Amino acid sequence: MKKLFTMLMIGFVLLLTACNSSGKGSAETASSGASQGKQVVTFWHSMSGAGQETLKQIVEDYNHSQDKVQVNAEFQGTYDEALTKFHSVAGTKSAPTIMQVFEIGTKSMINSGHIVPIQTFIDAENYDISGLEKNIINYYTVDDKLYSMPFNSSTPVMYYNKDAFKKAGLDPEKPPQTFEEIEKASKAITKSNKGMKGFALQAYGWLVEELIANQGALLMNNDNGRSDTPTKVGFSKEEGKAIFEWVKRMNDDGTFANYGTNEDNMMAGFLAGDVSMFLQSSANARDVIDNAPFEVGVGFLPHPQNKERHGVVIGGASLWMIDGKPKAEQQAAWDFMKYLQTPEVQAKWHVGTGYFAINPAAYDEQIVKEAYGKMPQLQVTVNQLQSTKSSYATQGAIMDMIPEGRKIFETALETVYNGGNVDKAYDEAVKQFNAAIKQANAARGK
Amino acid sequence: MSMSSLAIQTNEINLEYVEQVKKRQRMKNLLKGVLFLLPSIILFSAFVFYPMIRTIYLSFFLTNTSGVTTVFVGLENYINLFKSPIFLKNIQSTFLFVLYTVPATVIISLFLAIIASEKLKGIGFFRTIFSSTMGISVAAASVFWMFLFNPTMGLLNQLLKSIGVEPIGWLTDPNWALLSVSVTTIWMNIGFTFLVLLGGLQSINSYLYESADIEGAGYFYKLRRITIPMLSPTLFFAITVSIINAFQTFGQIDILTQGGPQNETNLIVYSIYREAFVNYQFGSASAQAVVLFIMILFLTAIQFKLGERKVHYQ
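First to last, the protein sequences are chains R and G.
Going by the numbering used here, 333 is the number at position 333 of the first sequence; the sequence numbering is gapless.
Every number in the numbering used here is 446 more than the matching position in the second sequence, counting from 1.
Source of the hints: derived by calculation from the structure; they are not laboratory data.
This one's a predicted model, so the numbers in the text were calculated from it and none came from an experiment.
Heads up, some of the hints might be wrong.
Stated by the list, open to error - Label pairs and their computed distance ranges (CB to CB): (1) Lys438(R) <-> Ser491(G): 56 to 64 Å; (2) Thr746(G) <-> Lys56(R): 45 to 53 Å; (3) Phe557(G) <-> Lys438(R): 49 to 57 Å; (4) Leu489(G) <-> Asp123(R): 46 to 54 Å; (5) Thr746(G) <-> Lys145(R): 51 to 59 Å; (6) Leu534(G) <-> Asn306(R): 33 to 41 Å; (7) Gln386(R) <-> Met599(G): 36 to 44 Å; (8) Lys438(R) <-> Leu669(G): 58 to 66 Å; (9) Glu74(R) <-> Ser491(G): 26 to 34 Å.
Each residue gets a CB set at the ideal place from its N, CA and C atoms; glycine is no exception.
Let the hints inform the model, and build the full structure from the sequences given.
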């Protein structure tokens, strides 16, 4: 008994010291930078894989390029995980100086009250942002204020297997543009390529949002939440159901490949020749093109035949300035953000990952031209963005319950994939979506 | 007369004094006891009691994204939960999951433990193999199974293809997903349960078997009349822990299905996680947590009431 007690006490003491030492550890790393007379900026990000490699390189280049600021980039898990961490440390000393947040976290960051709008810094020194990509700036502008600095932006595109198109007697240089054309192409491909399905749509709420925007429809009312807080969905039954019915028709034809919500499985299926077309973020362009044993084509996001193409909403993430930090630290962070906007850095970023260059001047850089020579597909993603019509629909919705809304769409899509009734699935999804909006508004005390 | 009354008085004073000493003694004992309990009281308060009270408190509120309470809504979170078809489905899935995993885990582990408790040459090797899944983390095991379930390159679908059966969407077909996750879980839990049951088997006194041998009892008779009754405390423990574990399953869901397809595998703990850390609705997440707590408490209480009668303690 006595032994057990001593063990317990030792464990307890160890626990205490462990807590202590970890606190000390972070303090030490923070002071080591300052001791060299450099202003330390902490940068939380969620880039993994190729993105992380490229970002690391960029941060290192920046740290070597001058001797006043030391940027420490720290990986904090996926966007969701990082945002959760941020919300729990916001307002304390452990909060970062710069925080990378995914686009649908915009509203939740504004509501958190722990951020400084980037507009403040732009106004303070009349910094010129007219050179930045208008469509991207639009998304992060709320009430005429640019809240966060765009950084990694992407849009959905359609990837397709050119070899399979040739085999089916389709023109590999002319990817199908509309829902109906995709159905037709899928039939031809399924017939002429053994064991290959025509089309895959990952059950992913973001893609539903994009397919709605491409029809020029709003996701939520009050101009997608841009003029006032949304109170319900903004698309009509026809526009919303068009997507579900399209998938349903292909599913009935037996030309649709169901990978559920799993992106990796869908990519693996595409690379293994199990499916010939799929929609996914342009940020995957490098990965898909590099890994496919066949020629990969990239096309625009499809739209229903009876609707004009309106274009895409920007996805990805932006950088937020966190409040409650010393002026000098924020100024240093601002300097780093400005560095990220330069054409040279953006060119590196675009080519290294497939994300857009938020500064279009980057497209004239030599490394981009060279990359386009080798991978003309990268250019399609840029063309799609630049041909987007500016409107509330393509500016994208801004609301804090979007992550929840995505899950609702995903469930509805899966129901249709598995043979469920379209009307029922759609109505149920809209009902839940509206309820989620109401709940989110109630939680804000409105 | 006066003498005797005096004596009574002193007696009373004495009694009072004794009472006092006793009280002080009890106080001292109590303090000593508390002192010994102090480390666990501190740890439990910090990591169990405080979060629990906080959860109950939060469940009556709506919150902002940092979990700060904004609007008091009383029981509305609970009412919404029980009106939500998704939450009711989550409860149903959770119970189904418990039903799929717990009996299978215990029966398979019991079988393995019984054959592994035979004293044979090289049995140590098999004991190690059977308990090996205990050393594999949930994440590693889930990723491993995810490869098996992969629709394109997964071993399971390759096998089906080779015998000419249509491949199955193990994790995407709503009819299969919960079963697939259950199989994964059973596989993962066998290691621990096996080890516990093997330990129980080894501690059964061998004289019982020797006496039975003298009586000429057969193998299955011994199994039924000696092994199972003597193992019942361990079995009871294994079942209780397995049930609680099954109710709290999270890792394999997060990695394998994320609650999909169609919320088929959206077990309560995963649903709590999504509600709190994806939707930032800490209020209704807390309400779900409280419901789960009450469910587990209730089930464990029933188990103790019903199960314990059948348990034979030595």
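### Unsatisfied constraints (hint numbers, rising)
Per hint list: single violation, 1.
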